[in-house]
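S.K.: These protein sequences, in sequence, are chains A and B. Everything in the first sequence is counted per this note's numbering, starting at 68 for the first residue and increasing by one. Everything in the second sequence is counted per this note's numbering, starting at 68 for the first residue and increasing by one.
It is worth saying that the hints were derived from the structure and are not from the lab. Think of the CB as a built atom: it goes at the ideal place given N, C-alpha and C, for glycine as much as any other residue. One or more hints might be untrue.
To be verified - Calculated pairs, DSS-like style, for lysine-lysine (alpha carbon to alpha carbon, straight line, at most 27 Å):
1) B:Lys163 to B:Lys238
2) A:Lys238 to A:Lys93
3) A:Lys93 to B:Lys163
4) B:Lys163 to A:Lys86
5) B:Lys163 to B:Lys86
6) B:Lys238 to B:Lys93
7) A:Lys163 to A:Lys93
8) B:Lys93 to B:Lys163
9) B:Lys86 to A:Lys86
Stated by the list, open to error - Among chain A residues calculated to face chain B with C-beta under 8 Å, some are:
10) Ala89
11) Val90
12) Gly98
13) Thr100
14) Phe102
15) Met117
16) Glu125
17) Val127
18) Asn150
19) Asp153
20) Thr155
21) Thr245
22) Asp262
23) Ala266
2 protein chains.
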Amino acid sequence: MNTAADFAAITSFVLELEKLKAVLRKNRPLGQTRFENTAEHSWQICLLAMSVLPHAAEPVDMGRVVQLLLVHDIPEIDAGDVNVYDATGRAAAEAKEEAGATRIFGLLPSATGAQMYALWREFTTGTSAEARYARAIDRMMPVLQNLNSAGQSWRENGIRIDQVTRMNHPKISGMFPTLWPLLEQQLQAAVTRGDLGPAGAE
Amino acid sequence: MNTAADFAAITSFVLELEKLKAVLRKNRPLGQTRFENTAEHSWQICLLAMSVLPHAAEPVDMGRVVQLLLVHDIPEIDAGDVNVYDATGRAAAEAKEEAGATRIFGLLPSATGAQMYALWREFTTGTSAEARYARAIDRMMPVLQNLNSAGQSWRENGIRIDQVTRMNHPKISGMFPTLWPLLEQQLQAAVTRGDLGPAGAE
Chain A
68 MNTAADFAAI
78 TSFVLELEKL
88 KAVLRKNRPL
98 GQTRFENTAE
108 HSWQICLLAM
118 SVLPHAAEPV
128 DMGRVVQLLL
138 VHDIPEIDAG
148 DVNVYDATGR
158 AAAEAKEEAG
168 ATRIFGLLPS
178 ATGAQMYALW
188 REFTTGTSAE
198 ARYARAIDRM
208 MPVLQNLNSA
218 GQSWRENGIR
228 IDQVTRMNHP
238 KISGMFPTLW
248 PLLEQQLQAA
258 VTRGDLGPAG
268 AE
Chain B
68 MNTAADFAAI
78 TSFVLELEKL
88 KAVLRKNRPL
98 GQTRFENTAE
108 HSWQICLLAM
118 SVLPHAAEPV
128 DMGRVVQLLL
138 VHDIPEIDAG
148 DVNVYDATGR
158 AAAEAKEEAG
168 ATRIFGLLPS
178 ATGAQMYALW
188 REFTTGTSAE
198 ARYARAIDRM
208 MPVLQNLNSA
218 GQSWRENGIR
228 IDQVTRMNHP
238 KISGMFPTLW
248 PLLEQQLQAA
258 VTRGDLGPAG
268 AE
């Protein structure tokens, strides 16, 4: 091991991560007018993951879940954030994210970079229980934010309840079957309040 | 388990965490003029932790290390961020952080809240190998940021090399004995460039 070369490579990688602090999402932190960035989002979903563990349908290794969540959005440094309800944008972003993962994790010493790339890949393909748990959490957080901000990003982007259900139900209800009905009730209440569009009203 | 009550408590907690996105530190993300917030800092140090594992002097459970890092600054929601070089401010913040930890983790269902509080306490007291690893990482990150930003927060706050060494050497060198000499060389170079104050020149 060449310690000096490895440390230089690690430094390049962590400084490259500064850029994720400038990748903006569609929601605004409660009480702030600016948009949320992907770095702080990545932190918050780890805490949500740690909080809802007693409600999971399957046992998971929480240390692995949070490591998946920590790396999962890093390729947005190259691909940008694409709204989950933007199907065309999502498809176009996939190749950019793959290239971004290769480039950014490639800044690290090779064994460490390969491990991080594998974590990113595991999240993206979603095969393990930990990846399915992490993917459910990534979807749950913005729903909770919107339910408690008068539907800020739903309103600003004209989102309807059938879109929210279609994109989130499959991922959330499998791992958190007792939580999804509670979310569904809250989504209906959000439609009643006018914070979320009614089904099919495009 | 009262699922609805627990989920409401979890929701209160994760929404309270939004406030950490508004707690500002002294350094500015590279390429941005704004200050870094504690939420995005908490994310970045987890990735640094995952990256330097091959250089650790002791074996650690990385899943635990990142969970310690994820929770360790949450009480700053109540206590604010205090610069590591501000000894008076640090002492005054300790009681506020203890009260903040009790309040904020107390928003969660009791068993989950107790687990998070225990993680915060473990980081703060620094007794386990994981806590010592996490504390070293928390110190290493701003040093790396300053070394690569022409000493931005060192310059803005009039920091000298003897302060940086005194505050960081004990925590970093124990867990990363081969990395500290590399940092020390870079600190000397920063003094030569004028990015960091020379020893003792108050």
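S.K.: Does each hint fit the structure? Answer for all of them.
M.R.: So, going through the hints one by one against the coordinates:
1. B:Lys163 to B:Lys238: holds (23 Å)
2. A:Lys238 to A:Lys93: It holds: about 20 Å lies between the C-alpha atoms, which stays within 27 Å.
3. A:Lys93 to B:Lys163: Measuring from Cα to Cα gives roughly 33 Å; hence the hint is violated.
4. B:Lys163 to A:Lys86: violated (32 Å)
5. B:Lys163 to B:Lys86: Measuring from Cα to Cα gives roughly 16 Å; hence the hint holds.
6. B:Lys238 to B:Lys93: holds (20 Å)
7. A:Lys163 to A:Lys93: holds (20 Å)
8. B:Lys93 to B:Lys163: holds (20 Å)
9. B:Lys86 to A:Lys86: holds (22 Å)
10. Ala89: Because about 6 Å separates alanine 89 of chain A from the closest Cβ in chain B, which is inside the 8 Å limit, the hint holds.
11. Val90: violated (11 Å)
12. Gly98: For glycine 98 of chain A, the interface hint holds, since the closest Cβ of chain B sits about 7 Å away, which is under 8 Å.
13. Thr100: violated (11 Å)
14. Phe102: The hint is violated - phenylalanine 102 of chain A has no Cβ within 8 Å of chain B, the shortest such distance being about 11 Å.
15. Met117: holds (7 Å)
16. Glu125: With a closest approach of 17 Å, the glutamate 125 of chain A hint is violated.
17. Val127: violated (11 Å)
18. Asn150: violated (20 Å)
19. Asp153: It is violated, given that the least Cβ distance between aspartate 153 of chain A and chain B is near 24 Å, above 8 Å.
20. Thr155: Violated - the Cβ of threonine 155 of chain A stays beyond 8 Å from chain B, reaching only about 29 Å at its closest.
21. Thr245: At 5 Å from the nearest chain B Cβ, threonine 245 of chain A passes the 8 Å test, so the hint holds.
22. Asp262: violated (15 Å)
23. Ala266: violated (24 Å)
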